[in-house]
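Undergrad: Spelled out, the chains give:
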Amino acid sequence: MIPSINITDREKITTADKVWALAFSIVAGLFFIGLIFLAFGVNPVFAIAKIFTGSFGSMYGIKETVTKAIPLILIGVGLAIAFRAKFWNIGAESQLLMGAIFGTWVGLNWGPHLPAPVIVPLMFFAGFVGGAFWGLIPAFLKIKFAINEVISTLMMNYICAEFLTFLIVGPWKGKTKFGFPYTDDLPASATLGLIPGSRIHYATLILALLTVAVLGMVIYKTRFGYEVRVIGENPEAARYAGIDFFKTTLIIMAISGGVAGFAGVGEVAGLHHYLSYPDSISSGYGFTAIIVAWLAKLNPFFVIIASIFFAGILVGGDAIQISLGLPAATVEIFNGTLLVFLIMGDYFLKHKVRFVAEPRTGHQTTKPLKTG
Amino acid sequence: MIVSVVRRTLIAGTPLLLGTIGEVICERSGILNLGVEGVMSTGAVAAFMVTFYTHNPWLGLMAAILAGMVISVIHAFASVSLQSNQVVSGLALTMLGLGISGLAGKPFVGKPLSVKMHDYAIPYLSDIPYLGEIFFDQSPFFYMALVLAPAAWFMLDYTDLGIKIRSAGENPQATEAQGVNVSLIRYGSIIAGGAFSGMAGANLSISYSGSWIEGMTAGRGWIVIALTIFALWNPMRALVGAFLFGGIFVLQYLLQPLGISPNFLAMLPYIGTLLVLLVIGLKDSRKLNAPAMLGEPYRRGER
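Chains as they are written, first to last, in my numbering: chain A, 1 to 372; chain B, 1001 to 1303.
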């Protein structure tokens, strides 16, 4: 008997199904990660345990996890909106950087003359403008010239990273930095307060949570949110319904890029206090946030949970680097494998896959299978 | 001076060309593979490890090709069998490839190879003044790329297999109706793309540098994806594009002493790609030659 695979669409998907699929994906993913570790001679139980104890197992770990969750929440929620409209924004990494550039310019130039309550909102505003500006270019290119946004946003990442490097080694190079390629420090009024004993810049955290609340409302409760969903699910129908494709796409990308710009300002004003190389301003948050948005099923509120989860993996990744001497890229194994298993979980959630024994022709020894 | 610049341009362009040929084949079948960076990195580490132990760079090259094919199956499974979003699963492949190669390569960081893939001077031809040194005294990777680009072009444009690959990317339903197994074609194209990316990785680790460090692909996989579009899905145009991009790499170092910011030069390939897309988009988007179903999952029996 040759078993064949019978695939049908699942008709009803309950919340319990979704939770099971998610839990199964994560557990199966971790198991597979364990196998990879085993293959390279790393104790899998120890490594995986270390990832989670390193991030959630100590006060220090939890604080660091929250710190790294801040940019992920901001970018993740912006991507969730863009992805809903099927706009594949791979450029959040540089939208963050552009936000950091704009915010830092405002901080450096106006900071010395203005008090914190004025300059900090101004910096965030500038960051939003910077990120939105950088996000609008690929949106415009897509609508006007049918240029694929995956490619254009990717190209924009490189252009922005080079531009930032140009600024810090060239015109913006700090006079107080002994020739290092950094800008000068932001004036004290233009830096963000930290929760004592941690690196959590709470102003950005509050901004991130507010952004989630506002965008969650927009997606689920407004006409605009409805239009975004229609554009993503059925562009034909959107056209018939008279939805302005041009305008909606531009607004989506202004928001998606803008909130990534918030994250950039938060990283500079909250943690670094000066601009430096692109890799140190953002450790790939723009890419990690893509998985965050995906894990959250493009739901802004779930983005918070998913961000904390992946921030934990980032922090835990640092921990295993130190304690097990593993390379920095190890954390990518976690991200990549979990993503693959999430894709699989999603498939099995939407489809019923059954192995069925092919009924033999000729002589029937068993009762015929029930159909339906 | 000029001879050395041109020669270095070709050397820098070779891994880009190899990767781009693979991505062109893959995308022509309708599958966008953003995993090139990860696959290249995996190929690089596989080539290094095998060469390190066997002292035979050719075995290293084989290992890289094999590793590239094997890891690409992940993307094939996700995007073809599971009809998942290709952007997401491509990114997953990049992450996995970078992660696994980082882990596998850890013990080899900073170790030199006893034998690198040597340059081969082609008899007689390499004696031609100037040209000989530029074109005929290069690494085997260069010669292979130079042969494989027209071969891939011929395969895609003039063979039965090529027609099947292209029609899988243009109209999978009609292709399936002709009795072609679209899933199989797409699996094959993705895996073939993986083989090329693996080769490109081997080029970096056992020929270009002769060492392994984490992150040695340095974004070349993403450049390959840009180049694929720059070349408008044509392996012959990829030949021109890859060496053009390679030339910009070399120029960055040359023009730096003249006070021209290397960062602006480094932007050029990316701005160039956008401009090419823009110019063609302005003229006629149909001439873009993009596979019509690029990035669209295909499910058998669905209209």
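Careful, some of the hints might be misleading.
Some chain A residues near chain B, calculated using beta-carbon distances under 8 Å [unchecked claim]:
{"id": "1", "residue": "F140"}
{"id": "2", "residue": "I143"}
{"id": "3", "residue": "I147"}
{"id": "4", "residue": "F166"}
{"id": "5", "residue": "Y202"}
{"id": "6", "residue": "N335"}
{"id": "7", "residue": "G336"}
Quick look at which bits of chain A chain B covers, simulated, 3 or more residues with Cβ under 8 Å [claimed, not checked]:
{"id": "8", "segment": "64-76"}
{"id": "9", "segment": "341-349"}
In short, the hints are calculated from the structure, not lab data. Where a beta carbon is used, it is the ideal one built from N, C-alpha and C, also for glycine.
Undergrad: Now, for every hint given, state plainly whether the structure supports it.
TA: Verification of the supplied hints:
1. Because the closest C-beta pair between A/F140 and chain B is about 11 Å apart, greater than 8 Å, the hint is violated.
2. Given the 8 Å rule on beta carbons, the hint for A/I143 is violated: about 11 Å separates it from the nearest Cβ of chain B.
3. Contact between A/I147 and chain B, as hinted, is supported at the beta carbon level, the nearest pair being about 5 Å apart and thus within 8 Å.
4. The interface hint given for A/F166 holds, since its Cβ lies 4 Å from the closest Cβ of chain B, which is under the 8 Å cut-off.
5. The beta carbon of A/Y202 is not positioned within 8 Å of any beta carbon in chain B (closest approach about 31 Å), and the interface hint is therefore violated.
6. This hint holds: A/N335 has a C-beta 5 Å from the nearest C-beta of chain B, less than the 8 Å allowed.
7. With a cut of 8 Å, the hint placing A/G336 at the interface with chain B holds, because the nearest CB-to-CB distance is about 3 Å.
8. Counting residues of the segment 64-76 of chain A whose C-beta lies closer than 8 Å to any C-beta of chain B gives 0; at least three are required, and the coverage claim is violated.
9. Judged by the Cβ-Cβ criterion of 8 Å, the segment 341-349 of chain A is covered by chain B as claimed, because 4 of its residues qualify and three suffice.
Hint violations for this structure: numbers 1, 2, 5 and 8, all remaining hints satisfied.
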